[in-house]
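Student: Sequence:
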Amino acid sequence: MPLQIVHHPDYDAGFAVNHRFPMSKYPLLMQALHVRGLIQAEALSMPEPAPASWLKFAHSADYVDQVITCSVPEKIEREIGFPVGPRVSLRAQLAAGGTVLAARLALVNGIACNTAGGSHHARRAQGAGFCTFNDVAVASLVLRAEGAAENILIVDLDVHQGDGTADILKDEPRAFTFSMHGERNYPVRKIASDLDVALSDGTGDAAYLVRLGAILPELSAKAGWDIVFYNAGVDVHAEDRLGRLSLSDDGLRARDATVIGHFRALGIPVCGVIGGGYSTDVAVLAARHAILFEVAATFA
Numbered sequence: 001m002p003l004q005i006v007h008h009p010d011y012d013a014g015f016a017v018n019h020r021f022p023m024s025k026y027p028l029l030m031q032a033l034h035v036r037g038l039i040q041a042e043a044l045s046m047p048e049p050a051p052a053s054w055l056k057f058a059h060s061a062d063y064v065d066q067v068i069t070c071s072v073p074e075k076i077e078r079e080i081g082f083p084v085g086p087r088v089s090l091r092a093q094l095a096a097g098g099t100v101l102a103a104r105l106a107l108v109n110g111i112a113c114n115t116a117g118g119s120h121h122a123r124r125a126q127g128a129g130f131c132t133f134n135d136v137a138v139a140s141l142v143l144r145a146e147g148a149a150e151n152i153l154i155v156d157l158d159v160h161q162g163d164g165t166a167d168i169l170k171d172e173p174r175a176f177t178f179s180m181h182g183e184r185n186y187p188v189r190k191i192a193s194d195l196d197v198a199l200s201d202g203t204g205d206a207a208y209l210v211r212l213g214a215i216l217p218e219l220s221a222k223a224g225w226d227i228v229f230y231n232a233g234v235d236v237h238a239e240d241r242l243g244r245l246s247l248s249d250d251g252l253r254a255r256d257a258t259v260i261g262h263f264r265a266l267g268i269p270v271c272g273v274i275g276g277g278y279s280t281d282v283a284v285l286a287a288r289h290a291i292l293f294e295v296a297a298t299f300a
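For the sequence shown, UniProt numbering assigns the number 1 to the initial residue and increments by one for each residue that follows.
Honestly, the hints are just simulated from the structure, not real lab data. Where a beta carbon is used, it is the ideal one built from N, C-alpha and C, also for glycine. Heads up, some of the hints might be wrong.
[Said to hold, decoys possible] Computed cross-link-like contacts, EDC-like style, restricted to lysine to aspartate or glutamate with a CA-CA straight-line distance of at most 16 Å:
1. Lys56 x Glu146
2. Lys75 x Asp62
3. Lys56 x Glu218
[To be verified] Listed next, with one range per pair, are the computed distances between beta-carbon atoms:
4. Arg241 x Arg87: 21 to 27 Å
5. Asp65 x Arg87: 14 to 20 Å
6. Asp201 x Met46: 38 to 44 Å
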């Protein structure tokens, strides 16, 4: 079966090519997936924008309304890292809707991936760190509210700690947040996940994979998980300009295979999101993000 993939052309909000957030990685990722033969029309889905009612499961009503009406205070926009105009607002709503859709597809098919998502710095009251809405938290709470999933595990392997997801889900006993990240990286003030593993600068493939491999059985033993959200950020790569860890392309591939293989062997659905990645060579960055889809396709 082809891999179920969720994408929308408006994931690209049209930033300037020299912006710190490499927005053009979204269309370039789709090009990379086409070249690799991973896009099949019958397995490609386009999301609708997440309605305000979904977004308000995870975020304060005032903040959701500010984003939708493009009236986010400048102070919060500075923390996000860009102004929240109509294209950014639509993109945030679509990315959240995309992760909800990918999660639903994963529940039916065993695995699915969103070509955006992983906006894990958006907290309950506001966005931050290039993240407007926290799509994984939104999707987790939508599934819980609908009764589609009861026990939810978030495996966040972006190089930055998942502070926003931890903040939003801290009082949700049926959702477990795990973040393995760079110890000395953003955010400076971290919000404790249910389990945090902080890695030293320069951690490479071997040490990273040993640490990850030891933790996954502990996670799978904690509950009968109905779904796993996997944030496969590629900013752990040695050449990422914001990362400080030292994984290679082969390390990324082994990481993704380790996570997806572990949970699929247990029959647990996996919803993949791409997370962070920051490079001035955006085509190379898109190819790194494509590794998640290449690996996921082998489990479809």
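Student: Decide, hint by hint, whether the structure agrees.
Tutor: Structure-based check of each hint:
{"no.": "1", "hint": "Lys56 x Glu146", "result": "holds, 14 Å"}
{"no.": "2", "hint": "Lys75 x Asp62", "result": "holds, 15 Å"}
{"no.": "3", "hint": "Lys56 x Glu218", "result": "violated, 32 Å"}
{"no.": "4", "hint": "Arg241 x Arg87: 21 to 27 Å", "result": "holds, 24 Å"}
{"no.": "5", "hint": "Asp65 x Arg87: 14 to 20 Å", "result": "holds, 18 Å"}
{"no.": "6", "hint": "Asp201 x Met46: 38 to 44 Å", "result": "holds, 40 Å"}
Hint 3 alone, counting from the list given before, is not met by this structure.
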